[in-house]
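S.K.: Here is what each chain is made of, one letter per residue.
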Amino acid sequence: MTPRRRPRIRPLAAAVLVFLVNATHGALAPGRAAADDVAVVVHPRVPVEDLSLADLRKVLLGDRQFWSSNQRVTLLIRAPVAREREVLLKRVYQMSEAQFRQYWIAKVFRAETAAGPKIVNSNQTATQIAAAVPGAIAFVDAGHVPPGLKVLKINGRLPGQRGYPLQ
Amino acid sequence: MVYSSTGEGTGRNFSLGQLTVQNTSALSPRSFVFVEVTFTSRPDAGTGTPAATGFNAEVERLFFRYDQSDQLKGSVGRYHTPINWWNTAFHHGLWLQTTIARPEMVRFGSQFIPVHFVGALVEGSFPANGLNLNYNVGLGNGRGNVFSRGGDAGDTNANLATLANVFVRPDRLYGLQVGASVYRDKATPAGGGPDVDETIWAAHLVYQKEDPEIIAEYAHATHDAEDGGPSARSEAYYVQFAYRLPGAGHLWKPYYRYEKIRVDEDDPILTATPGLSGNIVGVRYDATELAAIKLEYRDMKRDRGFASTSGVFAQVSFAF
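Each protein sequence line maps, in turn, to chains A and B. Counting in this note's numbering, the first sequence runs from 1 upward without gaps. Counting in this note's numbering, the second sequence runs from 1 upward without gaps.
Think of the hints as simulated: they come from the structure by calculation, not from any bench. Note that beta-carbon positions come from the ideal geometry of N, C-alpha and C, so glycine has one too. Nothing false has been slipped in among the hints.
In silico BS3-like links for lysine-lysine, alpha-carbon gap of 25 Å or less:
#: 1; chain 1: B; residue 1: Lys209; chain 2: A; residue 2: Lys90
#: 2; chain 1: A; residue 1: Lys107; chain 2: A; residue 2: Lys118
#: 3; chain 1: A; residue 1: Lys153; chain 2: A; residue 2: Lys90
#: 4; chain 1: A; residue 1: Lys58; chain 2: B; residue 2: Lys73
#: 5; chain 1: A; residue 1: Lys118; chain 2: B; residue 2: Lys73
#: 6; chain 1: A; residue 1: Lys90; chain 2: A; residue 2: Lys58
#: 7; chain 1: A; residue 1: Lys90; chain 2: A; residue 2: Lys150
#: 8; chain 1: A; residue 1: Lys107; chain 2: B; residue 2: Lys209
#: 9; chain 1: A; residue 1: Lys150; chain 2: A; residue 2: Lys58
#: 10; chain 1: A; residue 1: Lys153; chain 2: A; residue 2: Lys58
#: 11; chain 1: A; residue 1: Lys118; chain 2: A; residue 2: Lys153
#: 12; chain 1: A; residue 1: Lys118; chain 2: A; residue 2: Lys150
#: 13; chain 1: A; residue 1: Lys107; chain 2: B; residue 2: Lys73
#: 14; chain 1: A; residue 1: Lys58; chain 2: B; residue 2: Lys209
#: 15; chain 1: A; residue 1: Lys58; chain 2: A; residue 2: Lys118
#: 16; chain 1: A; residue 1: Lys107; chain 2: A; residue 2: Lys90
#: 17; chain 1: B; residue 1: Lys260; chain 2: B; residue 2: Lys301
#: 18; chain 1: A; residue 1: Lys90; chain 2: A; residue 2: Lys118
Here's a subset of chain B near chain A, in silico, CB distances under 10 Å, partners left out:
#: 19; residue: Ser25
#: 20; residue: Arg61
#: 21; residue: His92
#: 22; residue: Leu96
#: 23; residue: Pro127
#: 24; residue: Arg169
#: 25; residue: Lys209
#: 26; residue: Leu290
Work out the full structure: start from the sequences and follow the hints.
M.R.: Here it is as structure tokens:
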């Protein structure tokens, strides 16, 4: 009986592959997959490719309400307890859940916006709405981004890259 | 609901305070109508002699706004005048503010700041290299014949009031807001006498993270009566500190506020405004996400013959 041959990894090919990935997408953080990150996805017609964390904060705070003069931001945020929401509260809002609720009640109370964010119960709902509504922006597990949506860079980095801020 | 114990006059009281109702109705993706109505308990709200207790209804804010872009939003209606930070940050939301009451310089029914403004506003914001420059520019009716009231039914003279307000919210200091405002008007006294040219300069610095919360505002009012009447310079300011406790104490937020009003004896507009030196120390407890209990001690010393106040106040405020 001929012993079964184990697949052989060619070190040179692997090194070239890693180099190409890093060169085109930035270095992957060791021991961390892109799926650990929260991807910022928008409708394909949103005329933005890259946001700084400060600009993303303005969108999430409702201070920036337009992508362009004819396209309004529609903010989609996961319901409480979802990991995507917790990452946003910690990394971007820097608020507790109670402070977040109070912030949006005050925002509407001041009439600075007609309504707060739309609350979505799953990543699937978030991506479906983001794909259907021009101007929509959603925050989903980076491992569950369906084709047809645009994933924004934050501070010049995509999910999975070293230094990506939403993890 | 407010409970007060001052040891003066009627001494101990419960008061239902104020019910605030508001609604926002989108008319299109770019436009909406906003309305805010309050019902305030008063000892003289009813009819008859003597006046019976009851509730006063008031349309506090009502406006139509059209948003062209982040840089340009226009509206017409009745507002809280955007020349004072507190006036446009908390409006009638007692639950939103840390303390039980507004600072006296911007208290509803007071004279120092014209709290309401009827007219048109243009506002917007620009990135400004991370400074995030915001502006409001307004044209509308000035004070009514009763100076603590807005000109709801029209201006009292041919000169409309103008205002401008600018502030920045730097990206690098998340939570910080710094701004300045100017308000100009010609006011006509109800009891006759010459018109008064009014100019108010104001400035604010606010750091609104909960640990700490810092709010400081200053306003300087110039009132020059025409035809050789009196000229007056008056000023008011307050500084408030609060700190939400960490860890297991996060539901508790102690606070302190010092406020000062200095009124020129000859001021032709601030005739019913006392000079004030006040200290408030208290604590806010967030019993639930939407309800707060506040307990504070006030020591407010007033001059010009107005009664000083010192005592304990408690309030339950909530949103629903």
